[in-house]
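Asker: In order, the protein sequences belong to chains A and B.
If you read the first sequence in the working numbering, its first letter stands for residue 1, the second for the next number, and so on.
If you read the second sequence in the working numbering, its first letter stands for residue 1, the second for the next number, and so on.
Hints in this document: simulated from the structure, not taken from any laboratory.
Yeah, the Cβ is synthetic: ideal placement off N, Cα and C, and Gly gets one too.
You may find that some hints are simply not true.
If you anchor each label on the Cβ, the simulated ranges turn out as follows [said to hold, decoys possible]: (1) A:Asn-22 x B:Phe-74: 36 to 44 Å; (2) A:Lys-42 x B:Gln-17: 32 to 40 Å; (3) B:Thr-76 x A:Tyr-76: 38 to 46 Å; (4) B:Arg-9 x A:Ser-12: 24 to 32 Å; (5) A:Ser-70 x B:Thr-2: 20 to 28 Å; (6) A:Glu-56 x B:Glu-78: 36 to 44 Å; (7) A:Ser-70 x B:Thr-76: 17 to 25 Å; (8) B:Asn-7 x A:Ser-12: 31 to 39 Å; (9) A:Asp-67 x B:Leu-115: 40 to 48 Å; (10) A:Thr-5 x B:Leu-115: 28 to 36 Å.
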Amino acid sequence: KQEVTQIPAALSVPEGENLVLNCSFTDSAIYNLQWFRQDPGKGLTSLLLIQSSQREQTSGRLNASLDKSSGRSTLYIAASQPGDSATYLCAVRGGNNRLAFGKGNQVVVIP
Amino acid sequence: DTGVSQNPRHKITKRGQNVTFRCDPISEHNRLYWYRQTLGQGPEFLTYFQNEAQLEKSRLLSDRFSAERPKGSFSTLEIQRTEQGDSAMYLCASRPDRQNTGELFFGEGSRLTVL
Chain A
1 KQEVTQIPAA LSVPEGENLV LNCSFTDSAI YNLQWFRQDP GKGLTSLLLI QSSQREQTSG
61 RLNASLDKSS GRSTLYIAAS QPGDSATYLC AVRGGNNRLA FGKGNQVVVI P
Chain B
1 DTGVSQNPRH KITKRGQNVT FRCDPISEHN RLYWYRQTLG QGPEFLTYFQ NEAQLEKSRL
61 LSDRFSAERP KGSFSTLEIQ RTEQGDSAMY LCASRPDRQN TGELFFGEGS RLTVL
């Protein structure tokens with residue numbers, strides 16, 4: 001069974017600092033990895049999708065890397081803003097057609 | 001493209017009542033998923049459809065839960081004889097029917113509170 005772990009569970013950073021969020025998974029046989037953002041009481045917004053053959057994906061201030069062999073992904077958010085405050089979820093898709101999620105990184109950006 | 005739509009957004013019910021949630025996926029997305037999320041946890045897989053066929057069900061989906069997608073478009077998730085442990089956010093997601101590389105798009109969720 002795929003296990004996804006996100007560290008740290010929660011963090012606070014001052015505005016302008018770069019954010020580094022870590023995700024690890026136990027089974028490297030994945031098709032892709034997806035990072036989501038979730039605001040309190042809301043659904044999930046897809047941020048980045050990395051295919052298993054890719055090493056990284058970028059969108060604006062966001063960059064996600066994938067090291068499939070070691071079972072790790074990192075989400076970087078450059079120059080954080082208060083609007084980046086949210087929970088960030090990492091999910092991996094394996095051969096069973098379902099996404100396995102971590103518990104999330106809860107981020108607070110302090111103005 | 002209006003995104004994945006879920007209704008109702010919030011439902012408060014008494015223990016023992018039945019509730020039904022509806023999900024309208026993105027048009028032409030053949031694959032539809034239901035997940036459940038409790039406070040402080042990541043979403044957990046419940047069930048998955050390809051068109052109208054329910055292809056997979058999690059062990060989390062007890063016999064009080066039933067999901068349908070009768071015409072391969074919208075889907076419903078019904079919970080019978082609700083229990084307090086059913087209180088959670090129920091999330092629907094969809095993606096195109098390609099190889100397993102497609103991005104999954106989620107709705108805003110339906111929050112259930114069982115009193």
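Asker: For each hint, tell me whether it holds in the structure or not.
Answerer: Hint check results:
Checked against the hint of 36 to 44 Å, the pair Asn-22 of chain A and Phe-74 of chain B passes, with Cβ atoms roughly 38 Å apart. For Lys-42 of chain A paired with Gln-17 of chain B, a C-beta distance near 25 Å fails the hint of 32 to 40 Å. Taken as a hint, the range 38 to 46 Å holds for the pair Thr-76 of chain B and Tyr-76 of chain A, whose Cβ atoms sit roughly 40 Å apart. Range check, Arg-9 of chain B to Ser-12 of chain A: about 29 Å between beta-carbon atoms, so the 24 to 32 Å window is met.
Take Ser-70 of chain A and Thr-2 of chain B: their Cβ atoms lie about 39 Å apart, and the range 20 to 28 Å is violated. For the pair Glu-56 of chain A and Glu-78 of chain B, the supplied restraint of 36 to 44 Å holds, since their beta-carbon distance comes to about 42 Å. For Ser-70 of chain A paired with Thr-76 of chain B, a C-beta distance near 42 Å fails the hint of 17 to 25 Å. Remark: the range hint 31 to 39 Å for Asn-7 of chain B to Ser-12 of chain A is upheld by a beta-carbon distance near 35 Å.
The given range of 40 to 48 Å is respected by Asp-67 of chain A and Leu-115 of chain B, whose C-beta atoms sit roughly 46 Å from each other. For the pair Thr-5 of chain A and Leu-115 of chain B, the beta carbons lie near 34 Å from each other, so the given range of 28 to 36 Å is met.
Hint violations for this structure: numbers 2, 5, 7, all remaining hints satisfied.
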